[in-house]
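Dock chain to chain to rebuild the complex, using the hints, since each chain is given by itself in its own frame.
Chain order of the listed sequences is A and B. Numbering-wise (our numbering), the first sequence opens with residue 1 and increments by one. Numbering-wise (our numbering), the second sequence opens with residue 1 and increments by one.
No lab work stands behind these hints: they were computed from the structure. There may be inaccurate statements among the hints.
As the list claims (entries may be wrong) - Now the in silico label distances, taken between C-beta atoms and shown as ranges: (1) B:248 <-> A:403: 41 to 51 angstroms; (2) B:95 <-> A:76: 44 to 54 angstroms; (3) A:209 <-> B:240: 38 to 48 angstroms; (4) B:277 <-> A:359: 45 to 55 angstroms; (5) A:238 <-> B:6: 25 to 35 angstroms; (6) A:207 <-> B:89: 44 to 54 angstroms; (7) B:95 <-> A:324: 44 to 54 angstroms; (8) A:207 <-> B:301: 49 to 59 angstroms.
Where a beta carbon is used, it is the ideal one built from N, C-alpha and C, also for glycine.
Here's the letter readout for the chains.
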Amino acid sequence: MSETTKAPTLWSSIREMPANVWHSVFRNPLPSDDYGRSSTSFTNFFLHIHPVKVNRNTLRPIYTLGLGLMSFFLFLILVVTGVLLMFYYVPSTTQAYDRMLDLRGTVAFGTFLRNMHRWSAHGMVGVVFLHMCRVFLTGSYKKPREFNWVLGVGLFLLTLFLSFTGYLLPWDQLAFWAITVGTAIAGYAPVIGQEVRFLLLGDATVGQEALLRFYVLHVAVLPLAMTLLIVLHFWRIRKDGGLSRPVEADEAETPAAPVTVSVRAVQMAKDKIYGLQGFVRGPFTKVGNTPDKTVYAWPNLIIAELFVFVLTLAVILTLSLLYDAPLEEPVSVLHPPNPAKAPWYFLGLQEMVSYSAFWGGVGIPTVFVILLLIAPYVDRAQKGVGKWFSRERLLANTIFLSFVITNIIFVIIGTFFRGANWEFVSPWK
Amino acid sequence: MRLALAIASFVVLLVHGAVFYKQFFHKWENYQTGYFDQARTLAKTPAEKAALDARQPRVEQFIVTSFGDTRVDRCGTCHMAMDDPRFDKHAQPMRTHSYSAALGDGQVNGKWERRHKFADFGCTVCHDGQGRGLQAHYSHGEDHYWPDPLAGYVVQANWRKEFQPKLKGKEYMESNCAQCHTEEGFSGTTHVDRGRKLFFSNNCYGCHRIEGLSDGTQGPDLTEVGKKFKLDYLMESIVDPRANLATSFMPKFNLSDADVKDMVIFLKSRRGVNFAETSLQRYRAVLNAKRPADEAAKEPVLQGAALISQGEKLVTDRACTACHKLGARDGGVAPDLSFEGLLKEEAWVEEHFKNPRLSISDSIMPAFRFADADFKAMTAYLVSLKTAPAMTNGAESYKALCLRCHGEKGDGHGPIAWYLDPYPRDLTKAGFINSKSMERLTSSIKNGVAGTSMPAWGRTLNDTQAQAVLQYVFDTYTKEKRREVKPQKAPDKNPVAMSAESVSRGEAAFINRCAGCHGRKADGKGPNSPDILPRPRNLRNTAFVESVSDRRLFESILYGVQGSAMPSWIDYGLSQNDVGDLVNFVRSINQKSPVRSANARGN
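In isolation and in its complexed conformation, chain B is listed as follows (with noise of 0.2 angstroms):
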């Protein structure tokens, strides 16, 4: 017992020597007498040289209150000769903060002046890191919980490999440079400047809001982004959208390394603040915003080529092509508008830009909030665009029209099929494609599919080209041999009355049933549909559900749909009547609003 009581006592003792060591011997403490020996070699006066022999070690700091909340930064205490001109050699920590004149340093009477004092300034402002650290580890930021390692210096362990590199440079800090020095075109901040173009030419304003700057809803709002997140989040969130989150339907652009980095520097510098306004200001700017513009200044309402020319103007402006293909610009996103006039109407398109997830319910395209003029015009535009592409066969055709998002070997995942829902059809699936009459392929083909990305094309191919694409799909990618579809015995008209009956025990049917791949909701997301493709239909696509029969809706019901995970539900013993009351569900929850389905019924 005394001798486990010894070695328990040996072991605190020891622990209290190591503590102790750990605590008066500072590696700061080193920098700073290093520093004072060095600068008595370099004084020149006896009464410097005495002043330097009183300095004992200390921790510096700067209390800086200007910039949003108070900052103490204590990297003076280590970085000694940061004010100190002679040490512009020395290797840091003890080299002088170089003078610049792009920083506004400038030569007073022979010695250079900052204009960016440290004692005004502190350190953190301009450089991030962590100003009360006194390690060298925790200051710079290199704990991998602190949000702001040093900007362009510093990357953080855990923060991608690939990323790690390309994270480095002084043009990083520009968008602490921009928290004061918010003006377009400033010469300081070229690379947050070419950033907020690119987020308007690449279309971000589309679909994200930041305040002062744009007002898009369908993604996440950036005011804060460069506080809320990380470089390397920034980055990732750019090339990878889907990384963090899976079902992210952000698309990935065509971005080169230059850009992807000026983007990420310009959203590292939305961080909600603005030092260079005041409060008051700040308020002002927000009253005025909410005031409604000005109705004086009315356009002259364009007509006929100018309103064409117009469109073409803005359609360029506004960047469509970051995701649409027009001519020879592709963004690798959405649908070919190269020969729009012959796809479309002038009031679909219209109505289109206005509510894009009206005709096509899960349209990913962002609803843009422009004036009606330019909306008009646009669509002039777009509807004047009648050249079909030069096709000479079957297979031409295909290349120029379908392969987009049927794809190159036709199993549907096309370039910008991920983009698209529903998914385009993969054509390889004989199962299905033979499964269905040659009416229904060829009305698909030329009157398109409503409600989803299919589009008529019934005047951009005639009846032999769109035989011949047919007979190319047939031959390249179903290979199979057409067999003789046997129609299948199922009532024309639904022959259960609509009623809230019918329907509620549709809807009881339907969760049994139905949800595990269709959903509770009926949107096509139930917890099955992940693995399945095509995936399960979204039921409540208006558009698409009132373009289809009856008697489809029954023959897919009661038969299954084949190359599909739909069974047939005759085998699991639904009746004709229970069938009925599940089409009477998914009619009712398509009817909600009429202007809708007389919209969807438009086309």
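Just chain A, with the same shape it has in the complex (with noise of 0.2 angstroms):
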């Protein structure tokens, strides 16, 4: 390109001015060889999150089954869609319910869009729950991984609050019920049980209040939080030395001559210029050339998020186009359904709350979210790490999949199994 020493023309320019434009935006060609490879992850802004190599071991979809790729996109789609969603919502409690109607009847690809939120916020807290799983049945979240599940955990329950406090939006039976018992729920926690409640509702029952507030939160306060805890948990990735994986899996393929790596006590030499790689500490990904389990992140990687995104985005179109979301009768105060059913990932929690309401609402969901917070610090064997059900964390996941089956249990009890009064009906009759 630069062979010439022409001074550029008018006309040249404006001949040169695509390619011009696009070799400014995009600074490598498509590559074709390792350097161009390295230098696209490298140079693009949204592939540096990347590593320029990743282990095979991460890209095996049977390992990670991209649980939490896929709760990254529906967060995607669920910002896309709200944002759109925001447009014509008010939250207000005389006009909600109306732009439902609106929605569903005139506006342009109104229901579509309601039902594709929905669904992809039922899909998140599912998946986001699944990748919970996941990375604690393939027991990731030991050092030095500790903290990104801490965060991980911190995602999770702003994963429940986030669908909980849209759940009240529409403004129909439905949501209002659902909401009235969640936070009854919140309120028997001592203490401070009916002062949370207050503050949530900002009135002694679910009204205007409530929903200004919930409202509030499902579109500014939470989202924030939730984009902040992601930006920490991937950058966390990136930092721990990327996904987890079993210890062979960093064994050469062909053994080499040991590198030694060990920048960790760095002696700061008054008459020496260190690069900035001097000061990094931790677990390198990769240095020196010598063969191994790892290839390019592009296009191995990129291809295999896509497919995960494309997925995602499949199943949620297909969901919207033959389900639509519900949409109860408009909210009446002093006709309350029977029975009142809080949204479905709280069932198990209301199903506990019909035997104790101390322990079932507030009690055992506590504990299990400080043992699930403690676990990566109690539980510190080396053992087992990168392998599904692996022999040496029997007791760990024994005890983790005995509190989800029964979490699962009391949830398929209270949808499917409570009728009027939270008596016990058949579901097939």
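Here you go:
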């Protein structure tokens, strides 16, 4: 390109403009060699969150099931559809339901947008939960990834709370009574329960104040918190040495001369100039050029991510085409449905509340969350990391799975087997 | 991987295609272009044609602010021709809305002019349905979540099948006419009027409150019932009161289909709104309603026959026979009043009017708030009824006096038994009948049973007749041969002195042993009670408890009650002193109001 010394003429500027614009935005051509693949990942803002090379184990679909990415893509779908829905929604008790009717009847793609938002939200709760199960069952929360696990638990709770706050916004009977039940569960906490409930609702009952608060939480506060935590979560993946993997995955295929990488205690000498890498601590993804089990992120990782994205989108689109998001009767404060049920992911709690208000609604969930948070600091053995259901982790996995399965059973009972007055009913009748 | 990616991408593309297709091909656009085409052929002038050519399909809507909350009615988007008289022979959705003099429409210069202009009223004020929708399923209210489907035209799929045909018909729209045309006797709301009359003639007013009409407290307030419930629920509540709430004691009244329909229309019109009234008028009405009634307009005090005939008129007007039997009229719910003078004293009747649950603690009779003078007159009339029915033998006496409660088979399931609490005695239970002495059975017939609906037949039946009825019961229902009743060992007087300690011991024992059936509140409604007949006794029925001797309480607790679920507690380790504590406890909870006990003893 630079063989000519001629000053650019106006005509050549115009003629070369498309190419120049393109090259100013995308500095690398489509890569054809390893150098190009490296610099593509390195110089693109959206791609440089990826390492240049990733371990092959990371790309095994059966290892991650793509659940973390799926959660992220669902979050993206939710942000996009949510922003579009915000153009039509008014958080007012007199208008909210009418706006729902307009979305369903008059607004272009209104029903479809709402369906996508609804099913993505439900999907995200499920997928985030499954992601957590994956991380636990593969022992991936262990050192050095303890804190990222804690962040993940935070993200799970945020997901639940986001979904819960969004549940109220349609202002129909389903929303109103689910939130009434849900916030009543919060009220069972000792000492602060009623205060927390009042803080959430801004009133003694669900009403205009609650709608406004839930709206602000749902569209501003929680998504921002979520974004921050997601950014931290991703950054920590890189800094903690990529996705977890078994020890064997890092062993070179052909033993090479050992490369000792130890930069932990860099002696700062006055007369020496250090490159940035001199300060980097912790395990490196790759140093040297020994044959190993890594592949270039471009295109291997990128295409896998793209597939997960398209798959997620396809599932959500199909669901949204086939099933409409529910919209029940307008709110009638004096006319509770029987039974009034919380959103499905809280039905396990509601079922437990039917046995004991404090333990079911507050005690057991709090204990469960605390157990999750301290798990990596209690279970510190480094064995069995990076393998599904490894022998060494039988005890931990059994404890975790029994909690999970109990909760799932309670959710199923609460969803399908509870009728009027929370009495046991058979769903097949 | 690449193949999977391609397949997934293809699915995304397909769904997009489907969504865009749905978005850009609306049914209502077809209706509109259809209308334009037809209107073009009917057009007479080129200008009219040109105007039609220029029109593009668009959402048509009325925004109505005059009737309560703002309504957005987009019905005209499909029903394009509703105000175009040339389309009166077309099929829906393209038919003209009919013109009718009954609706106030009139001819002006040979053209129909509407009284209720669509631009002012919209559509859903009269028709219900969901104005904002653009798909028939939603806008007609077929979606079962929508509270008000098109009144009289659309029934929802989950409504009771047998009600669905009955809930169709234009007359259901009258409930919406009545939102503005509230005056009685308005020619357009005859069904609402008839429903209102039925509300009074069936004595609904006795239990239910409707603001401005009635002030009953026994049943739910119906002031806004039309807003809260759909037509099928209203109908179900009338014809099958226990369908929704198994413990409802609302009687099943004898109503024809037409009656039920008119009551449903009337109830649907009770929406707690009145578009004809301004908020200032409403405020004034409430204010005036609170003012004490004018004392000056006192009626002259009636005496003797005049009082009785005034009472008869009141009893008739106020629809006592919606529940009670009186001569030929029988509501099928409450006891026979045809010979009340033989059964009750004047004081009892008057007191019972004012507070039915004083003498029969579980009576479902509402406490009416009539004037004292009215109660006096009605009492005078009822106690003047002293003609016993003709009966020559036990069978006839049973038929005339006992059958309504104890039933044709003597098993206690008489026609009105369901509404009585305590439930009538099952006379076929030989275990019970034969374990009671002749004196006790005779006394129950002659003196009645206090606190229950069993009246004292002493002045209706003479001793021979009473014996004959008893014999008839033995022979026909009990059947088993009578054995000699041995006296059981029980103290005549409670040996344990009444004291706070004894009562609290008794209460502890009661919660421990008795609450399962008799309930923690001792009201006979314990968790086991629904499965038991005869029902566990309500031990807060003061009139009954006071009429029973210590000896009988001891006998019932120590040795149980044969033919009932009450076990013999002596077998379960209760000593005589424990029973004494229990008796003291039961007596203590019936001593709250001295007035009440004085009154009960007066019988």
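Inset, instruction - Check each numbered hint against the structure and report the violated ones by number, ascending. - result: Hint check: 7 fails alone, others pass.
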